[in-house]
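Undergrad: So you can see what is in the structure, the chains are spelled out below.
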Amino acid sequence: MRETVIKSGYSIVALVVLAVLLVSVITLAEATLRGVRLDLTENRLYTLSEGTHSILEGITEPINLYFFYTPEAVQDIPSINTYAQRVR
Amino acid sequence: MRAIWTVYRRELSAYFATPLAYVFIVIFLVLSGVFTFYLGGFYVRNQADLEPFFNYHPWLYLFLIPAVAMRVWAEERKSGTIELLLTLPVSMWQAVAGKFLAAWSFVAVALALTFPMWITVNYLGDPDNGVILASYLGSWLMAGGYLAIGLCISAFTRNQVVAFIIALVLCFFITLSGFPLVLDAFRGWVPAGVIEAVASLSFLSHFQAIAKGVLDLSDLVYFIAMIAAWLYACAIVIDLKKAD
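Top to bottom, those sequences are chains A and B.
Each residue of the first sequence is one higher than the one before, counting from 1 in our numbering.
Each residue of the second sequence is one higher than the one before, counting from 89 in our numbering.
What the hints contain is simulated information worked out from the structure, not anything from laboratory work.
Do not take every clue at face value.
Stated by the list, open to error - Straight-line distance between alpha carbons at most 16 Å, and here's what the computed EDC-like set of lysine to aspartate or glutamate pairs gives:
no., chain 1, residue 1, chain 2, residue 2
1, B, 300, B, 137
2, B, 300, A, 39
3, A, 7, B, 327
4, B, 300, B, 139
5, B, 300, B, 216
6, B, 330, B, 171
7, B, 330, B, 163
8, B, 300, A, 42
9, B, 329, B, 171
Said to hold, decoys possible - Negatives, chain A to chain B, calculated, CB over 10 Å:
no., residue
10, 25
11, 55
12, 60
13, 62
Claimed, not checked - Taking beta-carbon pairs under 10 Å as the criterion, some of the chain A residues facing chain B (in silico):
no., residue
14, 11
15, 18
16, 19
17, 22
18, 46
19, 49
20, 69
21, 75
22, 76
23, 82
Keep in mind the model is a prediction, meaning the values are calculated, not measured.
Where a beta carbon is used, it is the ideal one built from N, C-alpha and C, also for glycine.
Work out the full structure, taking the sequences as your base and the hints as a guide.
TA: Okay, here's the thing in structure tokens:
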């Protein structure tokens, strides 16, 4: 009896540890692996072309990028939310 | 490795020896067609892509995958063959992996049989086949995630209906975990970091990210971690309830 109680205790602890591990791996992957991506579209829609790169290299003036984002406004649209997380 | 292969072959042939495989495949193909052409407005959109087809996959899987997964362990437990299986020279993880891979391959077959849709869209227009390939990959990975959850729940009980319903509800919440429906339950009493973590668990947002045509490493890690964690949980549960 006592052994089964100890065993089920171990298993429940293992399940909790597993859940925490899962969430942390996913959050960590999202934070660190950002931008490591393979663009499979035929026209490279999500990749900067060589032409764009050379234009960007030719710019000498400083460029300011403004990012406007209201978390409350996109609550219902998770895809925009994840996009904002990525480009921020 | 040989043990996994043996379990895998046995499980996969079991699907096709019973009406399960044929019923599942026919229903999956019919429903995916109905959703694409009627709800998705495939023709009305006038765009050569398979977005209306893939958009309904999470919802199709929500019902159909728990139905495949519910029998996997619950049936073994009910008929008592789980004792036989676990006393064979097969380790726990080999049995779990074999059964999962068999179910996953079976879903892959069902998914591959939707190829007429791909032919249709290529005949009608000039779609981006890279996006379609990425969507298929994402859809299959997502199916693996649903399956792993279903298998884990199936290990809890000897009643298949209970396994089905609980897996369905759990999958529903995980699918929508980025949406207010789930997040509102957490908002207000847990820190923002937890809400972000819950939101990052959503099947839907990760699938949509891949279905865009971009294979992000973090999405890949998400699906693989999800599958591995639920399968590991499945092994723990079987071990815990071995004597029940």
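Undergrad: If a hint holds in the structure, say so; if it doesn't, say that too.
TA: Now for the hints, and whether the structure bears them out:
Between residue 300 of chain B and residue 137 of chain B, the direct Cα distance comes to roughly 11 Å. Compliance with the 16 Å bound is thereby established for this hinted pair. Among the hinted pairs, residue 300 of chain B with residue 39 of chain A is consistent with the structure: their alpha-carbon atoms are about 9 Å apart, no more than 16 Å. As the CA atoms of residue 7 of chain A and residue 327 of chain B are separated by approximately 10 Å, the hinted pair is consistent with the 16 Å bound. For the given pair, residue 300 of chain B sits about 9 Å from residue 139 of chain B by alpha-carbon distance, which is consistent with the 16 Å threshold.
A threshold of 16 Å between alpha carbons decides the hint, and for residue 300 of chain B with residue 216 of chain B the separation of about 11 Å falls inside it, so the pair holds. Between residue 330 of chain B and residue 171 of chain B the alpha-carbon distance is near 8 Å, which keeps this suggested pair within the 16 Å criterion. Taken as a hint, the residue 330 of chain B and residue 163 of chain B pair is honoured in the structure, with Cα atoms around 14 Å apart against an allowance of 16 Å. Distance restraint check for residue 300 of chain B and residue 42 of chain A: the Cα-Cα separation of roughly 12 Å lies within the 16 Å cut-off, and the hinted pair is therefore satisfied.
Restraint check for residue 329 of chain B and residue 171 of chain B: the C-alpha separation of about 11 Å stays at or below 16 Å, so the hint holds. Residue 25 of chain A, annotated as away from the interface, has a beta carbon of chain B within 10 Å; the closest lies near 5 Å. With a closest Cβ-Cβ approach of about 23 Å to chain B, residue 55 of chain A is found to remain outside the 10 Å limit, as its non-interface label requires. Listed as a non-interface residue, residue 60 of chain A keeps its Cβ farther than 10 Å from every Cβ of chain B; the least gap is roughly 31 Å.
The beta carbon of residue 62 of chain A sits about 29 Å from the closest Cβ of chain B, which is more than 10 Å, so the claim that it is off the interface holds. Annotation: interface hint on residue 11 of chain A holds; nearest CB of chain B at approximately 4 Å, less than 10 Å. Below 10 Å, beta-carbon pairs count as interface contacts, and residue 18 of chain A has one with chain B at about 6 Å; its hint therefore holds. Using the Cβ-Cβ criterion of 10 Å, the hint placing residue 19 of chain A at the interface with chain B is satisfied: the shortest such distance is roughly 8 Å.
At about 4 Å, the closest approach between the beta carbon of residue 22 of chain A and any beta carbon in chain B falls short of 10 Å, and the interface hint on this residue holds. Hint on residue 46 of chain A holds. Least Cβ distance to chain B is approximately 5 Å, under the 10 Å limit. For residue 49 of chain A, the shortest C-beta to C-beta distance to chain B is roughly 16 Å, which exceeds 10 Å, and the interface hint is violated. The interface hint given for residue 69 of chain A is violated, since its Cβ lies 14 Å from the closest Cβ of chain B, which is over the 10 Å cut-off.
Checking residue 75 of chain A against chain B: minimum C-beta separation of about 6 Å stays under 10 Å; hint holds. At a threshold of 10 Å, the smallest CB-CB gap from residue 76 of chain A to chain B is about 6 Å, leaving the interface hint in force. About 5 Å separates the beta-carbon of residue 82 of chain A from the nearest beta-carbon of chain B, less than 10 Å, and the hint is met.
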